[in-house]
Amino acid sequence: NAGVTQTPKFRILKIGQSMTLQCTQDMNHNYMYWYRQDPGMGLKLIYYSVGAGITDKGEVPNGYNVSRSTTEDFPLRLELAAPSQTSVYFCASTSNWEAFFGQGTRLTVV
Amino acid sequence: GQQLNQSPQSMFIQEGEDVSMNCTSSSIFNTWLWYKQDPGEGPVLLIALYKAGELTSNGRLTAQFGITRKDSFLNISASIPSDVGIYFCAGQRHSGGGADGLTFGKGTHLIIQP
Numbered sequence: 001n002a003g004v005t006q007t008p009k010f011r012i013l014k015i016g017q018s019m020t021l022q023c024t025q026d027m028n029h030n031y032m033y034w035y036r037q038d039p040g041m042g043l044k045l046i047y048y049s050v051g052a053g054i055t056d057k058g059e060v061p062n063g064y065n066v067s068r069s070t071t072e073d074f075p076l077r078l079e080l081a082a083p084s085q086t087s088v089y090f091c092a093s094t095s096n097w098e099a100f101f102g103q104g105t106r107l108t109v110v
Numbered sequence: 001g002q003q004l005n006q007s008p009q010s011m012f013i014q015e016g017e018d019v020s021m022n023c024t025s026s027s028i029f030n031t032w033l034w035y036k037q038d039p040g041e042g043p044v045l046l047i048a049l050y051k052a053g054e055l056t057s058n059g060r061l062t063a064q065f066g067i068t069r070k071d072s073f074l075n076i077s078a079s080i081p082s083d084v085g086i087y088f089c090a091g092q093r094h095s096g097g098g099a100d101g102l103t104f105g106k107g108t109h110l111i112i113q114p
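Quick note, the sequences are listed as chains A and B, same order.
For the first sequence, my numbering gives the first residue as 1, with consecutive numbering after it.
For the second sequence, my numbering gives the first residue as 1, with consecutive numbering after it.
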């Protein structure tokens, strides 16, 4: 039972670099989400998708892009990394109410 | 955006004590959820509440969905060391699938002193 898998677990980026955070789920869930978690804060929604080919902005989408070409995969792209994007990123998928989370990607931008 | 006010921010308790934390919102939610996050892990669902006024238990955990649908509380009885972690409340406005995601509180950090 893999559930939601995120890679990488850790990454250090230089300002201006780009990277893609990978997320895949094997539960055939339609809904997938990307959250970021800053120290002492709850999770804030970056982007979400209600199914393959459909994506929408969440609360804090600036500086990020997503795509959803398949039901399983929902990658998050940072084009020009900024220090404000230092955070822990969580991918999640849901069937009904329960959101299953990945283990997170800890990103530091220096 | 919507805000969930979760309190307290942190709790320092002795093993065996009962714990109570709550969440309030200015908006109505159709579903309230309580998650626990261990260090280095993603949040894991503890209890889901679907109906206003509903009281639900899961072992030593009890949670209630406020009658106004704007608040919820979580109680943990007889705390044990593995209860340490960050507890998040989360609300969902839409029924039938969670299309717009969950709104999270800022978390309650539970620390148990030996």
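Simulated from the structure, these hints should not be mistaken for laboratory data.
You may find that some hints are simply not true.
[To be verified] Chain B side only, calculated, beta carbon under 7 Å to chain A, not exhaustive:
(1) P39
(2) E41
(3) G42
(4) I47
(5) K51
(6) G53
(7) F73
(8) G101
(9) F104
(10) G105
Ideal Cβ positions, reconstructed from N, Cα and C, are used throughout, including at glycine.
Quiz item: How about K51 of chain B: closest beta carbon in chain A under 7 Å, or not?
Solution: violated (12 Å)
For the restraint on E41 of chain B, tell me whether the closest CB of chain A is nearer than 7 Å. holds (6 Å)
With a cut-off of 7 Å, does the beta carbon of G42 of chain B approach a beta carbon of chain A closely enough for the hint to hold?
holds (3 Å)
key: Restraint check, 7 Å cut-off on beta carbons, for F73 of chain B near chain A   = For F73 of chain B, the interface hint is violated, since the closest Cβ of chain A sits about 17 Å away, which is over 7 Å.
Margin query: So, as I understand it, the hint says G101 of chain B touches chain A; can you test that by seeing if any CB pair is closer than 7 Å?
Written below: holds (4 Å)
Take the shortest C-beta to C-beta distance between F104 of chain B and chain A; is it under 7 Å?
Hint on F104 of chain B: holds, closest Cβ of chain A at ~3 Å, below 7 Å.
Check: Quick one, is the G53 of chain B hint okay against chain A at 7 Å, beta carbons?
Finding: violated (17 Å)
- Message: Min Cβ distance, G105 of chain B to chain A: is it shorter than 7 Å?
- Response: Holds, because the Cβ-Cβ distance from G105 of chain B to chain A comes to roughly 5 Å (cut-off 7 Å).
Proposed interface contact between P39 of chain B and chain A, which counts if any beta carbon pair is under 7 Å:
Violated. Min distance 11 Å.
- Query: Should the interface hint for I47 of chain B be scored as holding, given a Cβ-Cβ cut-off of 7 Å against chain A?
  - Reply: For I47 of chain B, the interface hint is violated, since the closest Cβ of chain A sits about 10 Å away, which is over 7 Å.
Going down the numbered hints, you'll see the structure goes against 1, 4, 5, 6, 7, while the others check out.
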